[in-house]
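Visitor: For the protein sequence lines, the chains are U and R, in the order given.
Going by the numbering used here, the first sequence opens with residue 249, and the numbers climb by one from there.
Going by the numbering used here, the second sequence opens with residue 14, and the numbers climb by one from there.
These are calculated hints, taken from the structure and not from any lab test.
Careful: at least some of the hints might be erroneous.
[To be verified] Derived DEER-like restraints, expressed as beta-carbon distance ranges: (1) R/D238 - U/G619: 34 to 42 Å; (2) U/R424 - R/R209: 39 to 47 Å; (3) U/L550 - R/R209: 56 to 64 Å; (4) R/H207 - U/P589: 27 to 35 Å; (5) R/N82 - U/Y275: 47 to 55 Å; (6) U/G619 - R/E215: 35 to 43 Å; (7) U/L550 - R/N82: 46 to 54 Å; (8) U/T537 - R/H207: 52 to 60 Å; (9) R/Q252 - U/G554: 25 to 33 Å; (10) U/L550 - R/E215: 27 to 35 Å; (11) U/A640 - R/R209: 40 to 48 Å; (12) R/E162 - U/Y275: 37 to 45 Å; (13) U/H274 - R/E162: 55 to 63 Å; (14) R/E162 - U/V360: 28 to 36 Å.
Values in this document were obtained by computation on a predicted structure and should not be read as measured data.
Positions of the beta carbon are idealized from the N, C-alpha and C atoms, including for glycine.
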Amino acid sequence: MRRTAWAWLALSSLLPASARAATRPHYGGTLAVELSTAFTTLESADFPAGLAQPIAETMLRLNSRGEVEPWLAVAWQADADRRRWRFTLRTKVAFHDGEPLTGPSAAPLLLVALKKTYPDVTITAGGQALVIRSDRAMPDLLSDLANARTAIIRRSESNPSIGTGPFRVTGWEPGRKLMLTAFDDYWGGRPFLDAVAINMASTRANGDVFDVPFSATRRILAERTRLWSSPVEELVALVGTGVQPAALKAIALAIDREPLVNALTQRRGEAAFGLLPEWLSGYAFLFRTAPDAGRARQAAALLRLGTLTLSYAVSDSFARAVAERISLNARDAGINLQPTPNANGNLRLVRWRVESANVAVELQRLAGLLGVSETPALDAANPTALYEAERALLETQRVIPLVYLPVIYGMSPRVHGSDAGFALRLESLWVDP
Amino acid sequence: MSFRVKVFLSITASVVIAVWLVAWIVSTLVTRSFERQDTQRTQTLVTQFHREFERRGVEVARRIEAVANSDAVQQIAVNLNSPRFDTSRYFDQAQALAREQSLDFLEIVGPDGRIISSAEWPARFGYQESWLTPAVDWKGQGVFLKRIELADGSALGLITVRSVKAGDGALYVAGGQRLDQEFLTTLPIPDGMHVRLNTDFEGSTSPLIQEVRRQPRELARTSADATLTAIPLLGRDHQLLAILLVENSRAELASLRSYIQATAWAVGGGGVLLGLLLSLWTASRVTRPLRQLTASVRQVAGGQWDTRASIESNDEVGQLARDFNQMTEQLAEQRDRMIQAERVAAWRELARRLAHELKNPLFPLQITVENMQRARQTSPEQFDEVFRESTTTLLSELGNLKAIIGRFSDFAKMPAPELEPIDLNQIVREVVQLFDAQMHADGRPPIEANLLLNAHLPPVPADPEQIRRALSNLILNALDAMPQGGTLSISTDSLDRKVSLEVSDSGEGLTEEECERLFTPYYTTKQHGTGLGLAIVQSVVSDHKGTIAVHSQPGKGTTFRIELTT
């Protein structure tokens, strides 16, 4: 993780000066969150990007440098072959219904989450101890336990989501509204806010916190609204399905990423030449290329391509703008690439989100996305191997990285306490009376 | 063709022609009226289209002017020459401004012709907009039609351009509203009229559109279903950008025509039916008396002289019936008179014949008796001699009288024929053979018999004795006609279900009058004939249901022809 640590240092520069100069925090108040998107479950993985799920918590978590740090688990040990891990749970942690967090209460919830990744995993528990075993090595288990997908959460008849987080659910209308109330017995101390009201599918951009499209970021700045931005964590890429590799290569040569970054992301994003962002891999600059419309034109002329289609999600206006721009680039090279919403095009515009700080894990996920079934086991400590693995994925000529995107939230001047990190944590926010 | 059919055809033809003529005139007038109305409606719609076009143009110009004067555009214009000016910041500015002003198209273009922001194709920022050049007085250009390129094709727009001063250069604001089918929905379109805006006519195979493409001008084509008018819509450089198609349905006209046609058919059909009824009525009124009259004529011709036509009207037909009845009465009276005259003539002829025939033997009887008286008074010694001679003479002459009376008696007693199949040729040969000696008698010029008999003559049902007698009379008649000798020709032949027998002589022949009276009983041209020979022949032939005819010319002989049914 040290090779990416320097990137996290840069994240602190994203913090608005106003946040650092915030006044003294105080308790009370309700935070109104207006989201243009909607979610229908309270699973951590379904929660809006860039917004930390405040109901359930994970055993471990990533700090602002991308390093794993203790959270519900305060200590851990692994055997030499990493097939047996022993964790010690934090004491004085309680679920929202008052049940204390112990090894036996956490084990079945954790087992369900881990089974998705490690089918043969077993967990034995006693007191505050948890022992996780598997027949095969689990070198990435710590990253997995920091992933929101392994958050410890359970349900009851009266409450759809019972966790140990700083807020508990007091109202839930799937796809419409979520009401959260501060959990007084939170082990980390009661949050500043009394409550949080999250309105989904909202068209208003005047809440205390709201998601902001890239195209609006400069106008919002002009209105003196503060922005919170995550590191670039989402890859926008073209994935070819049934397109000959040479055609994809010609299209890749034709694409000029600079307008995508400058205009479509309003300089908030980063041009993507590799699959993983620079802050994560540390070698992304090695994949950098320059657009060459001339070579693209020559290649297209040799291929004698017919009309190709580029599909994108119809509800995604940013994807549409990217698709249309790429279509223009392709046209300059003599390639007829027709943007098509929600269709099985020859090329698909996909969004892929980084879920962990483990390069090896993320490369495996990318391989799955691209349909590359046989990928060798990667050593996260071997940057050369990781680089070679990513290059191999790029050379499959199935994908053209375009741009990395951050998640941006706008915050009204009354909101304070936002901190740099992968996600905006509601428990750290406080509002002016 | 019967009179009834003629009347029927005349009435039907009159009605049908009259109805067709009326239907054609009405249909033609209606069609012309509709076409006039179509033209007026089309022109009205085109006028409204141009008016709406102008109204929208004014509105578009006003909105583009508002965009050009907006703070956002003015800010871009002010910052344009700043070295820190970042055009990417404004790439979606046009979308917001277009939304504010309800514009479908809006582009903000820099002095270098590069698009800073495009509402209709946001991704096109940074690309060159080649048609926007500083050399044009854009305000003076007003509003014009232009084909606007879009990400998914193109669209027709009502466009205007305004330039905004930006330092030494100018910022261009170009935009407008879409001109499409929805634009046409604002027009008050009457029922039966359809308006289409054809902007994609490159691949059109319509002859009308092809013609408008070749030479952009308003054209109209009429088909059975509709009248289609094509109005070219030209761009700023007079290039054809769209074709406004106004379709006037002719369904109403077709319906009316169909109604007229149906009415004409109904009236025509009624006319035909009326013609039929009228012809039947007329025929019953006109042809029935004529047919009755015709039947009466046939009855009269068949010998029913007491037939009378019924007189049912006072018109020409009634008058004809009256004349017919009068004529028939006159003919019957004349016939009766003729019969009476013929009877009288026949009796007179009979009396004359009888007197003549009886007078010849009576005169010798008288002379002989007077000789006997004279011899008794003057020469008693010779009386016995005279008596013996005289009685011989008396007996001879009395025999003659008896023979004469017998012939008359035979004619009166002609029996009914007893029919049996006979060989006519055989009878001819037998009869001719009986006269052979007479034809070659000494002291008389020879007569040659020439027989031309058909060997395939079928048997004839006849009484052989009566046929022999008739043939004998004809041969005897022919021999008497050739006192100077000649040729007797007899021929037989087979006809259709008949046989013929011809007996010809080469004698002096007969006059036409003689031919007419030849078969009259007791009429003869011979000095010592009884006039019964040919009458007997005619009687025999008549009794056999046959016919006899005579053909003769003076100097060329006479031919008798008998035809008998087989």
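Visitor: Evaluate each hint against the coordinates.
Guide: Checked hints:
{"no.": "1", "hint": "R/D238 - U/G619: 34 to 42 Å", "verdict": "violated (56 Å)"}
{"no.": "2", "hint": "U/R424 - R/R209: 39 to 47 Å", "verdict": "holds (44 Å)"}
{"no.": "3", "hint": "U/L550 - R/R209: 56 to 64 Å", "verdict": "violated (43 Å)"}
{"no.": "4", "hint": "R/H207 - U/P589: 27 to 35 Å", "verdict": "holds (31 Å)"}
{"no.": "5", "hint": "R/N82 - U/Y275: 47 to 55 Å", "verdict": "holds (50 Å)"}
{"no.": "6", "hint": "U/G619 - R/E215: 35 to 43 Å", "verdict": "holds (41 Å)"}
{"no.": "7", "hint": "U/L550 - R/N82: 46 to 54 Å", "verdict": "holds (51 Å)"}
{"no.": "8", "hint": "U/T537 - R/H207: 52 to 60 Å", "verdict": "holds (55 Å)"}
{"no.": "9", "hint": "R/Q252 - U/G554: 25 to 33 Å", "verdict": "holds (29 Å)"}
{"no.": "10", "hint": "U/L550 - R/E215: 27 to 35 Å", "verdict": "holds (29 Å)"}
{"no.": "11", "hint": "U/A640 - R/R209: 40 to 48 Å", "verdict": "violated (56 Å)"}
{"no.": "12", "hint": "R/E162 - U/Y275: 37 to 45 Å", "verdict": "violated (58 Å)"}
{"no.": "13", "hint": "U/H274 - R/E162: 55 to 63 Å", "verdict": "holds (57 Å)"}
{"no.": "14", "hint": "R/E162 - U/V360: 28 to 36 Å", "verdict": "violated (54 Å)"}
Consistency note: the structure conflicts with the earlier hints numbered 1, 3, 11, 12, 14.
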